[in-house]
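Please build the complete structure, drawing on both the sequences and the hints.
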Amino acid sequence: MNDVERLRREFPFLEGENPLAYLDNGASTQKPRAVIERMRNFAGHEYANVHRGIHELSEQATAVYEAARERARSFFNAATAESIVFTRGTTEAVNLVAFAWGGQNVKSGDTILLTEMEHHSNMVPWQQLAARTGATIKYVPVLENGEGLDLDASRTLLAERPRIFAFTHISNTMAVENPVKDLCLLARENGVSTLIDAAQSAAHIPVDVEEIGCDFLVCSAHKMCGPTGIGILYGRREILETMPPWQFGGEMVDRVEFGGAKFRPTPARFEAGTPAIIESAGLHAALDFVDSVGLEKIAAHSSALAEYAAEKLRSLPGVRVFGPKSSRAHLVTFTVEGVHAHDLAFFCNDRRVAIRAGHHCAQPLMRKLGAPASARASFHFYNTPAEADQLMDAIAEAIRFFNP
Amino acid sequence: MNTDELYQEILLQHSRRPRNHGPLENPTHRADGHNALCGDELSVELRIVDDKLEAVRFQASACAICTASGSLMTGAVTGLKSEEAGALAGDFRKLATTGEVAPAIESLTALRALGAVHRFPQRVKCATLAWETFSAAIREGSVSPS
Ligand SMILES: Cc1ncc(COP(=O)(O)O)c(C=O)c1O
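Residue numbers (this note's numbering), protein chains in the order written: chain B, 1 to 404; chain R, 1 to 146.
Hints are computed from structural coordinates only; laboratory data are not their basis.
Yeah, the Cβ is synthetic: ideal placement off N, Cα and C, and Gly gets one too.
Please note that a few of the clues may not be correct.
Not the full set, but computed from the structure, chain B residues with beta-carbon under 7 Å of chain R [stated by the list, open to error]:
id : residue
1  : 340
2  : 342
3  : 343
4  : 347
5  : 350
6  : 358
7  : 359
8  : 363
9  : 372
10 : 373
Next comes the structure, spelled out in structure tokens:
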């Protein structure tokens, strides 16, 4: 039995005679037994609210919650656990930074630098910040056919000293891995703060915040074999310490009087209200699981599958494949002339292949590339070449069906 | 299979060669519609003379169901009074969401083929977009003559 087969057995979703070929990992990943069991056990036997009980159970639950924070710290090689803030996910983490950091640091006339390949989640919160403050948004352009970021343009734009450069590690549409380390260095040299959207990269390639040298990094557990409802904001501690809270209530306060309140230090000050406690136990198990598979191995496996799929797709009539010519990350976005992506995805579903269709939350980019709707297959370590073949057969058949 | 149930031959024909597709000269009404789920866009242009729909055209870059629905919609409403067309739009909405066939559409075989979408909640909007945009054009899409 090879590695992939052994790993597939860890996923209840993949049991049975004819499991769905699940190629929508970019949207969310399936959950291994270790995560499901851990959450069940924790909820069944160890659960209580955190940070507020004197009783033993609450103390233990608090320890579980804080152990998850420590695990996230080690997973991303952050210097201190105080750098790890739990959020609802990537989207909430970007909003947190745009509100708390942005409100304090971005003024009228400032520039916020993004890229054209951002997910709506790393675009709209900044647009709203710009609207509130009178700042301007600029975008680093994407090269033809989404082959990569225009790095020359990024150099010029960073030299104009925007307040922050917020950009994606791996594009969820173009399968491009951006040179985050170089870009962060360039930003630092120009005095520009950085936020990295690691939603697509966090469980696919090794992510080391110290090595990357970013100020903020955000991701979602549900794309990392973990549960929904929890995500991570990494922030450099010195920066988090200067940021005001953005939501207010229990947990985040130090002392409250009728006349006002004082707030706890980071990370508690950014976690108002009862957090996702059961999910934190699941996240911990997910990080252990992903680490045990090995990120180098995951990266090699899922990009090899995406390359293979891209190669095969290119050989079909009328297919346009987006993204880099080589070094493709774990996904492939494509269009078929004369067949709309919706119809492709519906047709594939009938052949038990789950792919994504639409704008992939990157509407401005897809419009620019002249493909307002496209199909996307995204792979993970539990996918197989046979599943990529199943996709190919379904697409080839769809082309014959819709374009006879 | 679902594919055969949804994509009946008559609908595929309309999606490959949609009728009344493209811009309309001297429209009196127009509207743009889009499907927030997938970003598909569709526009409808009408010429209403003496309360009668003299010409109806649509433009779309959309899936087969949406395109076929636009094609069939233009055919079904051209020549009607706007009130009659409004009633038909209501009947179509019911067809797409419940599969129920109102008397006014009983004889419109091709249109009725779209009733299959009610079994696929994700695709209902694909079928109703053209009709919703058409209704919006009549309601609030009056354009001043150029
Ligand atoms: C690159 C990227 N950024 C942000 C998000 C948003 O993540 P979430 O919906 O978990 O907040 C996604 C996922 O859809 C993504 O792929």
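Does the CB of residue 340 of chain B sit less than 7 Å away from some CB of chain R?
4 Å, holds
When the least beta-carbon distance from residue 372 of chain B to chain R is tested against 7 Å, hint result
Given a least distance of 5 Å, the restraint on residue 372 of chain B holds.
Per the CB criterion, is residue 350 of chain B less than 7 Å away from chain R?
5 Å, holds
Restraint outcome when residue 373 of chain B is required to lie within 7 Å of chain R by C-beta distance:
6 Å, holds
With 7 Å as the cut and Cβ atoms as the points, is residue 359 of chain B at the interface with chain R?
Holds, about 4 Å.
When the least beta-carbon distance from residue 358 of chain B to chain R is tested against 7 Å, hint result:
4 Å, holds
Against chain R, run the beta carbon of residue 343 of chain B and see if the smallest gap drops under 7 Å.
Holds, because the Cβ-Cβ distance from residue 343 of chain B to chain R comes to roughly 5 Å (cut-off 7 Å).
Using Cβ atoms only, decide whether residue 342 of chain B comes closer than 7 Å to chain R, and label the hint accordingly.
4 Å, holds
Does the CB of residue 363 of chain B sit less than 7 Å away from some CB of chain R?
Interface hint status for residue 363 of chain B: holds (6 Å vs cutoff 7 Å).
Against chain R, is residue 347 of chain B within 7 Å by beta-carbon distance?
Since chain R brings a Cβ to about 6 Å from residue 347 of chain B, closer than 7 Å, the hint holds.
Checked against the numbered hints given earlier, the structure satisfies every one of them.
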